[in-house]
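Given next are the chains, with one letter for each unit.
Protein chains: 2
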Amino acid sequence: MTRIYIQEVATRDGFQMEDRFVPTDDKIALLDQLSDSGIDKIEVTSFVSPKAIPNLRDAEEVMNGIKRKEDVIYTTLIPNVRGAERAAACQADEVNLVASVSETHNRKNVRRTVDRSFASFKEIADYLSGTGIAINGTLATTFGCPFEGAIDENRVLELAEAYLELGAVGITLADTTGMATPNQVHGLCEKVRDRWPDLPVTLHFHNTRGMGLANVIEGIRAGVSRYDASLGGLGGCPFAPGATGNICTEDLVHMLAFMGYDVNADLDKLINLSKHLETLVGHEVPGQVIKAGKISDLHEQPAFSK
Amino acid sequence: MTRIYIQEVATRDGFQMEDRFVPTDDKIALLDQLSDSGIDKIEVTSFVSPKAIPNLRDAEEVMNGIKRKEDVIYTTLIPNVRGAERAAACQADEVNLVASVSETHNRKNVRRTVDRSFASFKEIADYLSGTGIAINGTLATTFGCPFEGAIDENRVLELAEAYLELGAVGITLADTTGMATPNQVHGLCEKVRDRWPDLPVTLHFHNTRGMGLANVIEGIRAGVSRYDASLGGLGGCPFAPGATGNICTEDLVHMLAFMGYDVNADLDKLINLSKHLETLVGHEVPGQVIKAGKISDLHEQPAFSK
Chain A
1 MTRIYIQEVA TRDGFQMEDR FVPTDDKIAL LDQLSDSGID KIEVTSFVSP KAIPNLRDAE
61 EVMNGIKRKE DVIYTTLIPN VRGAERAAAC QADEVNLVAS VSETHNRKNV RRTVDRSFAS
121 FKEIADYLSG TGIAINGTLA TTFGCPFEGA IDENRVLELA EAYLELGAVG ITLADTTGMA
181 TPNQVHGLCE KVRDRWPDLP VTLHFHNTRG MGLANVIEGI RAGVSRYDAS LGGLGGCPFA
241 PGATGNICTE DLVHMLAFMG YDVNADLDKL INLSKHLETL VGHEVPGQVI KAGKISDLHE
301 QPAFSK
Chain B
1 MTRIYIQEVA TRDGFQMEDR FVPTDDKIAL LDQLSDSGID KIEVTSFVSP KAIPNLRDAE
61 EVMNGIKRKE DVIYTTLIPN VRGAERAAAC QADEVNLVAS VSETHNRKNV RRTVDRSFAS
121 FKEIADYLSG TGIAINGTLA TTFGCPFEGA IDENRVLELA EAYLELGAVG ITLADTTGMA
181 TPNQVHGLCE KVRDRWPDLP VTLHFHNTRG MGLANVIEGI RAGVSRYDAS LGGLGGCPFA
241 PGATGNICTE DLVHMLAFMG YDVNADLDKL INLSKHLETL VGHEVPGQVI KAGKISDLHE
301 QPAFSK
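If you read the protein sequences in the order shown, they are chains A and B.
Per full-length UniProt numbering, numbering of the first sequence is gapless, rising by one per residue and ending at 306.
Per full-length UniProt numbering, numbering of the second sequence is gapless, rising by one per residue and ending at 306.
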């Protein structure tokens with residue numbers, strides 16, 4: 001049985017764009033329950049400016065308030081050295097850096113060129129050197145850019161190389177706005193796996209156009225075993241109002257578990273947490289298993305007259 | 001480029017369970033537009049008792065009212081010889097028979113044993129013999145039953161054989177309540193293709209638990225090239241309120257077209273039709289491409305200051 005690693009991003013990628021600020025204590029309680037659910041990695045929060053993302057203004061309180069478990073990796077997104085300092089002060093296991101493969105998207109997202117992003121990452125890597133905090137490098141818009149369209153796969157490989165040169169121990173290929181198609185995922189993942197067979201690669205999919213789980217299947221087929229997902233399918237894309245967000249953690253775990261993959265996460269706990277999440281954010285979430293039930297939730301057999 | 005055939009079921013599988021009766025003229029106009037969209041087959045309606053399914057009480061008017069195109073197959077669901085007579089009177093190209101692989105589901109759905117269903121199908125086949133009307137045999141709950149759970153694959157093959165013996169020219173494997181997993185689809189389709197390499201096989205998926213398009217990918221990989229889908233993702237399952245319905249036609253065509261498959265259907269026409277469908281049924285539909293836009297719908301590049 002192939003082990004597939006589930007990495008939760010709801011409290012970062014999901015909460016950051018909610019209308020409602022989820023109270024700090026509720027965030028901490030949710031994160032503690034996620035830690036208890038068998039999730040392999042949790043992107044807890046983002047050490048960005050509170051002005052840029054007010055919903056995550058409690059990053060320190062959250063990181064310091066959660067009960068950390070030995071076998072869970074607690075990662076945080078950071079945009080600059082100031083973020084690295086904050087993550088280090090909170091003893092994050094890992095920091096996640098993000099640059100877009102698309103120049104236009106990078107400038108739109110972080111107001112700098114991709115080169116300047118990587119120059120800043122070098123400073124971050126220097127700062128973190130010797131601290132024991134791991135670096136993961138995320139490449140946003142890997143499978144397509146909502147402004148530029150198609151992305152050159154060679155540029156993806158170049159930027160992955162740039163991350164590795166500055167000491168990243170893992171790479172995330174992110175389909176930021178849900179543009180990846182299954183064959184594209186397969187093709188690029190094979191190239192990445194051929195070049196760096198032992199590199200921990202994460203795939204980060206959005207289900208914007210319904211292809212999220214199909215893309216996971218193709219990623220697994222190409223040998224990738226780490227997947228970001230968001231409880232309830234929280235998250236989304238500012239350019240596609242009404243569109244669904246990240247692939248849904250419990251829907252992903254449900255599919256993989258019933259396919260016979262070895263996932264550590266406890267499906268029933270995740271389903272309960274996702275229902276609870278709806279009360280935290282104040283709206284329905286796009287996850288489907290919480291509505292339909294698991295495949296194994298059978299209905300009582302009707303009585304028949306003879 | 002592999003040709004994939006798209007078969008529309010919204011006006012039957014979708015409309016049958018809507019709260020609102022879609023007026024006959026609106027049905028006819030929608031079907032005419034679907035005919036013009038390049039869809040390969042349309043399941044127009046169901047010749048069942050108007051008491052059983054009031055929403056389809058206008059089956060004759062609809063079948064006689066539409067403009068039929070040479071290269072589209074117009075099929076209708078029929079439950080018995082009376083249905084066959086009605087379909088024949090309307091000169092349907094094909095009738096679609098439905099039995100469940102699960103005894104319990106068949107009794108729940110059509111109030112008879114599977115054996116009795118097939119005895120009735122024999123009468124239908126005899127009646128239709130020489131009329132030139134083709135028979136397609138659908139196996140409901142092929143991938144799982146909401147009452148019985150797992151389904152024996154040998155039983156699926158037996159019942160497919162039973163359909164072929166009475167003269168069916170095609171078989172549909174239907175995942176009636178969205179229980180199929182991608183590896184299961186692959187495995188069963190390979191068995192069916194090994195046994196009947198030249199048989200036109202259709203896969204009918206529901207997206208109840210989010211796996212619909214992933215299942216399509218695995219079906220294609222196993223050599224199946226015909227897929228039922230419902231405009232807007234209309235349809236659903238009475239046992240899973242709030243769950244999504246059939247896989248969505250325009251989301252399916254969107255994925256396949258961007259993967260490079262040869263689909264005859266016109267994606268832009270389907271997207272427009274799906275938006276129109278929302279006004280016909282009076283609620284949002286689950287389709288995602290109508291919300292998010294196509295992958296190729298790029299946003300204007302923002303202007304940057306130097």
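Keep in mind that the hints are not guaranteed to be accurate.
[Claimed, not checked] List time: in silico BS3-like cross-link candidates among lysine-lysine, alpha-carbon distance up to 27 Å: (1) B:294 / B:275; (2) A:291 / B:108; (3) B:108 / A:294; (4) B:294 / A:108; (5) A:69 / A:51; (6) B:67 / B:291; (7) B:191 / B:291; (8) B:69 / B:51; (9) A:67 / A:108; (10) B:294 / B:51; (11) A:269 / A:291; (12) B:291 / A:291; (13) A:291 / A:67; (14) B:108 / B:122; (15) A:275 / B:291; (16) A:67 / A:122; (17) B:291 / A:108; (18) A:291 / B:69.
[To be verified] Each pair of labels, with its calculated beta carbon distance range: (19) A:197 / B:150: 51 to 59 Å; (20) A:262 / B:303: 48 to 56 Å; (21) B:68 / A:296: 37 to 45 Å; (22) B:150 / A:33: 28 to 36 Å; (23) A:223 / B:129: 39 to 47 Å.
[To be verified] Footprint (simulated), chain A over chain B, 3 or more residues, beta carbon under 8 Å: (24) 26 to 36; (25) 73 to 80; (26) 113 to 126; (27) 147 to 159; (28) 191 to 199; (29) 268 to 281.
Treat the hints as calculated values from the structure; they're not laboratory data.
Virtual Cβ for every residue (Gly too), placed ideally from N, Cα, C.
Results for each hint:
With a C-alpha separation of about 14 Å, the suggested pairing of residue 294 (chain B) with residue 275 (chain B) holds against the 27 Å cut-off. Of the pairs offered as hints, the one joining residue 291 (chain A) and residue 108 (chain B) holds, with about 22 Å between alpha carbons and a cut-off of 27 Å not exceeded. Of the pairs offered as hints, the one joining residue 108 (chain B) and residue 294 (chain A) holds, with about 21 Å between alpha carbons and a cut-off of 27 Å not exceeded. Among the hinted pairs, residue 294 (chain B) with residue 108 (chain A) is consistent with the structure: their alpha-carbon atoms are about 21 Å apart, no more than 27 Å.
Between residue 69 (chain A) and residue 51 (chain A) the CA atoms are separated by roughly 31 Å; this puts the pair beyond 27 Å, and the hint is violated. Restraint check for residue 67 (chain B) and residue 291 (chain B): the C-alpha separation of about 30 Å exceeds 27 Å, so the hint is violated. Under the criterion of a C-alpha separation no larger than 27 Å, the hint pairing residue 191 (chain B) with residue 291 (chain B) is inconsistent with the structure, at around 38 Å. At roughly 31 Å between alpha-carbon atoms, residue 69 (chain B) and residue 51 (chain B) are farther apart than 27 Å, so this suggested pair is violated.
Of the pairs offered as hints, the one joining residue 67 (chain A) and residue 108 (chain A) is violated, with about 36 Å between alpha carbons and a cut-off of 27 Å exceeded. Our distance criterion of 27 Å between C-alpha atoms is broken by residue 294 (chain B) and residue 51 (chain B), whose separation comes to about 41 Å. Taken as a hint, the residue 269 (chain A) and residue 291 (chain A) pair is honoured in the structure, with Cα atoms around 15 Å apart against an allowance of 27 Å. For a cut-off of 27 Å, the pair hint linking residue 291 (chain B) to residue 291 (chain A) stands: about 21 Å separates their Cα positions.
Distance check on the hinted pair: residue 291 (chain A) and residue 67 (chain A) sit about 30 Å apart at the alpha-carbon level, beyond 27 Å; violated. Using a Cα cut-off of 27 Å, the hinted pair residue 108 (chain B) and residue 122 (chain B) holds, with the two alpha carbons roughly 21 Å apart. Restraint check for residue 275 (chain A) and residue 291 (chain B): the C-alpha separation of about 24 Å stays at or below 27 Å, so the hint holds. A C-alpha spacing of about 31 Å is found between residue 67 (chain A) and residue 122 (chain A), which places the hinted pair above 27 Å, so the restraint is violated.
With a CA separation close to 22 Å, the supplied pair residue 291 (chain B) and residue 108 (chain A) stays within the 27 Å bound. Restraint check for residue 291 (chain A) and residue 69 (chain B): the C-alpha separation of about 39 Å exceeds 27 Å, so the hint is violated. At roughly 37 Å, the beta carbons of residue 197 (chain A) and residue 150 (chain B) sit outside the given window of 51 to 59 Å. For residue 262 (chain A) paired with residue 303 (chain B), a C-beta distance near 49 Å keeps the hint of 48 to 56 Å intact.
In this structure, residue 68 (chain B) and residue 296 (chain A) meet the distance hint of 37 to 45 Å, their C-beta atoms being roughly 44 Å apart. One distance hint, 28 to 36 Å for the beta-carbon pair residue 150 (chain B) and residue 33 (chain A), holds here, with the actual separation near 31 Å. Restraint check, residue 223 (chain A) to residue 129 (chain B): a C-beta distance of roughly 53 Å breaks the suggested window 39 to 47 Å. Check result for the stretch 26 to 36 of chain B against chain A: violated, 0 residues qualifying (beta carbon to beta carbon below 8 Å, three or more required).
For a cut-off of 8 Å, the count of residues in the stretch 73 to 80 of chain B with a CB near a CB of chain A stands at 0, and the three-residue condition is violated. Judged by the Cβ-Cβ criterion of 8 Å, the stretch 113 to 126 of chain B is not covered by chain A as claimed, because only 0 of its residues qualify and three are needed. Interface restraint, the stretch 147 to 159 of chain B with chain A: holds (3 residues with C-beta to C-beta distance below 8 Å; minimum three). Coverage of the stretch 191 to 199 of chain B by chain A is violated [criterion: at least 3 residues with CB-CB distance below 8 Å; count 0].
For the stretch 268 to 281 of chain B, the proposed coverage by chain A is not satisfied: 0 residues have a C-beta within less than 8 Å of a C-beta in that chain, short of the threshold of three.
Of the hints listed earlier, those the structure fails to meet are numbers 5, 6, 7, 8, 9, 10, 13, 16, 18, 19, 23, 24, 25, 26, 28 and 29, in rising order.
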